[in-house]
Amino acid sequence: MTKIGAVQTPGDRWISAWWVANPASGTTISFTGGTFWRSFSFYYTGAKQTSQPDSFNTGTSTNSTVISVATTVVASDCWLIMCQKDSVGGETYTPSDSLASMRANADAGGLAIADSNTTVATGSRTGTLTGSNATAEHGGIVFSIAPPAVVAAAYRRRMLTGIGS
Numbered sequence: 000m001t002k003i004g005a006v007q008t009p010g011d012r013w014i015s016a017w018w019v020a021n022p023a024s025g026t027t028i029s030f031t032g033g034t035f036w037r038s039f040s041f042y043y044t045g046a047k048q049t050s051q052p053d054s055f056n057t058g059t060s061t062n063s064t065v066i067s068v069a070t071t072v073v074a075s076d077c078w079l080i081m082c083q084k085d086s087v088g089g090e091t092y093t094p095s096d097s098l099a100s101m102r103a104n105a106d107a108g109g110l111a112i113a114d115s116n117t118t119v120a121t122g123s124r125t126g127t128l129t130g131s132n133a134t135a136e137h138g139g140i141v142f143s144i145a146p147p148a149v150v151a152a153a154y155r156r157r158m159l160t161g162i163g164s
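Just so we're aligned, residue 0 is where the sequence shown starts under numbering that gives the first Met the number 0, counting upward by one.
Any given hint might turn out to be false.
[To be verified] Here are the in silico distance ranges between beta carbons for each label pair: (1) A103 - Q7: 26 to 36 Å; (2) P22 - N62: 33 to 43 Å; (3) V65 - T26: 32 to 42 Å; (4) G4 - G108: 16 to 26 Å; (5) T71 - A107: 26 to 36 Å; (6) R102 - V65: 31 to 41 Å.
Rather than coming from a laboratory, the hints here were simulated on the basis of the structure.
Beta carbons are placed, not taken as given, at the ideal position from N, Cα and C, and that holds for glycine.
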């Protein structure tokens, strides 16, 4: 596994994001850690298997319902993903800005994952998650993942010429 990044949620908790290149179908990824270890795992098919992530950034917010983190997307046809950890747990989030779909809403430990649900344009892109607890502290990691260059070029060519389905 390769670490994308980590950020401390204001207070005493951390969130980190990791990726595995081309895992075999049905691969189980397990984690070991301390007493308060919690994890989500998720996968995206068709992603480039080297030089990921395309971009990433971390951020925090204190005494807020909102966590927003921006990153500069470099490659075309990337998806934007955001993982966050809050201090209250059990929160339900609404994604906005470049995020469109919640993939795992916050559990008792305060973890949540959202993504763009489609490709995003290059340049600065912000992921925002809004909950309801105005006293929450948040740590977030936003990152973009790129498709293989050959697939992306072929996709763009089909879309521009209207050939294929």
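>> For a quick check of understanding: which of the numbered hints are violated here, in increasing order?
In response: 1, 6
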